[in-house]
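Taking the hints into account, I'd like the entire structure generated from these sequences.
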Amino acid sequence: MNIAQLISNIQGLSAIAAGLFIGLSAMGTAIGFGILGGKFLEGVARQPELSTMLMIRMFLMAGLVDAFAAIALVMGLILIFARNPFLDAAIKAISKTTIN
Numbered sequence: 001m002n003i004a005q006l007i008s009n010i011q012g013l014s015a016i017a018a019g020l021f022i023g024l025s026a027m028g029t030a031i032g033f034g035i036l037g038g039k040f041l042e043g044v045a046r047q048p049e050l051s052t053m054l055m056i057r058m059f060l061m062a063g064l065v066d067a068f069a070a071i072a073l074v075m076g077l078i079l080i081f082a083r084n085p086f087l088d089a090a091i092k093a094i095s096k097t098t099i100n
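So the sequence shown is numbered by the working numbering: it starts at 1 and just counts up by one.
Some hints here could point you the wrong way.
As the list claims (entries may be wrong) - Have a look at the derived ranges for each label pair, beta carbon to beta carbon: (1) T52 with K92: 17 to 25 Å; (2) I3 with G38: 47 to 55 Å; (3) K92 with I31: 37 to 45 Å; (4) L6 with M53: 54 to 62 Å; (5) G23 with N2: 30 to 38 Å; (6) N9 with L73: 23 to 31 Å; (7) L41 with S95: 54 to 62 Å.
If you're looking for bench data, these hints aren't it; they were derived computationally from the structure. Backbone N, C-alpha and C define an ideal beta-carbon position, used for all residues, glycine too.
What follows is the structure, given as structure tokens:
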């Protein structure tokens, strides 16, 4: 395998990994928000006097669930647009093998 093929394989697989990061985290966040909203409505229907406390806790958990998607989005964008760490490691390994 020559260097150009190796670099293109790493870039292609990094794009797939970034897509999986972003897509799966978005799906997980959507499922999490659905469950969270459903449980909030169940709690408010059961005890309406606790709606304020439940809403505060729901928004706190919504922020934590959304942070998961934001972190995965940043990781995916780093793989696509920033300096790819996998590509750097492969280039270092290739340079060591070609020198020796």
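Taking the hints in turn, this is what the structure says about them:
1. A C-beta distance of roughly 56 Å is found between T52 and K92, which places it outside the suggested range of 17 to 25 Å.
2. Between I3 and G38 the beta carbons are some 52 Å apart, a value that agrees with the proposed interval 47 to 55 Å.
3. Range check, K92 to I31: about 39 Å between beta-carbon atoms, so the 37 to 45 Å window is met.
4. Remark: the range hint 54 to 62 Å for L6 to M53 is upheld by a beta-carbon distance near 56 Å.
5. One distance hint, 30 to 38 Å for the beta-carbon pair G23 and N2, holds here, with the actual separation near 31 Å.
6. Roughly 24 Å separates the CB atoms of N9 and L73, a value that falls within the hinted 23 to 31 Å.
7. With their beta carbons about 59 Å apart, L41 and S95 fall inside the hinted range of 54 to 62 Å.
Checked against the numbered hints listed earlier, the structure breaks hint 1 alone; every other hint is satisfied.
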